[in-house]
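Chains as they are written, first to last, in our numbering: chain A, 2 to 117; chain B, 74 to 188.
These are calculated hints, taken from the structure and not from any lab test. Idealized CB from N, CA, C, for every residue including glycine. Careful, some of the hints might be misleading.
The following label-pair restraints were derived from C-beta to C-beta distances [unchecked claim]:
1. Y31/A x R154/B: 39 to 49 Å
2. E70/A x D136/B: 20 to 30 Å
3. Y31/A x R132/B: 21 to 31 Å
4. S15/A x L133/B: 18 to 28 Å
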Amino acid sequence: GDSVTQMEGPVTLSEEAFLTINCTYTATGYPSLFWYVQYPGEGLQLLLKATKADDKGSNKGFEATYRKETTSFHLEKGSVQVSDSAVYFCALLANAGGTSYGKLTFGQGTILTVHP
Amino acid sequence: DTGVSQNPRHKITKRGQNVTFRCDPISEHNRLYWYRQTLGQGPEFLTYFQNEAQLEKSRLLSDRFSAERPKGSFSTLEIQRTEQGDSAMYLCASSLAWEEDQPQHFGDGTRLSIL
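Just chain A, same shape as in the assembly (with noise of 0.2 Å):
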């Protein structure tokens, strides 16, 4: 079946630094990725999406690109910021013959703390 593996954590950076959360997926026909945040106390909310194969997904600073070959989609950003803190979760919507199955299978997410 579906699955989607992110790189274990938590990740503690301090401000300004690089970041990096690994995605990797295992999935049938030509999925769609997408990447979730959620802070404390709230709901997933959608950071950004890619439908295709090298398509580029961005927003806030963050960004991702959908690699078939390495069935990956690794979320980085260059300077994180303190309110940056919180849960990200890698997820993929499977679709076959331009058919979408409904629901997201998601990572188990990564905690992200960032230190001024």
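Since chain A is already given, all that's left is putting chain B on it; use the hints.
Frame of chain A, contents of chain B only:
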């Protein structure tokens, strides 16, 4: 866009009691999803609706769980005879079936604690 609304935010109940949660999706969204999230894990899919039709149910959804979306708008998730293992955050999301990539918009969840 008022977002996805879930009620209640927190529910504490004794084992064996029944509980019901409500989700109000974004008004024009025709798809509605339920997920369960336990501490330190990512959300796990439970079920989803397109309009009033329940299109898929996970094996996680035991016969004690039932979800409805009677008029294709709000949805309810009921858990009967609750057990300790039902303690979790229950998340609702909605999307447009015909929107590219169908990004799902999540509510803040209902946290269930079983005593």
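Supplied distance hint 20 to 30 Å, evaluated on CB atoms of E70/A and D136/B: violated (43 Å)
Taking 21 to 31 Å as the stated bounds, is the beta-carbon spacing between Y31/A and R132/B within them? Check passed, 25 Å falls within 21 to 31 Å.
Do the beta carbons of Y31/A and R154/B sit within 39 to 49 Å of each other? Taking Cβ atoms as reference, Y31/A and R154/B lie about 42 Å apart, which means the hint holds.
For the range 18 to 28 Å, tell me whether the beta carbons of S15/A and L133/B fit it or not. violated (39 Å)
Hints 2 and 4, counting from the list given before, are not met by this structure.
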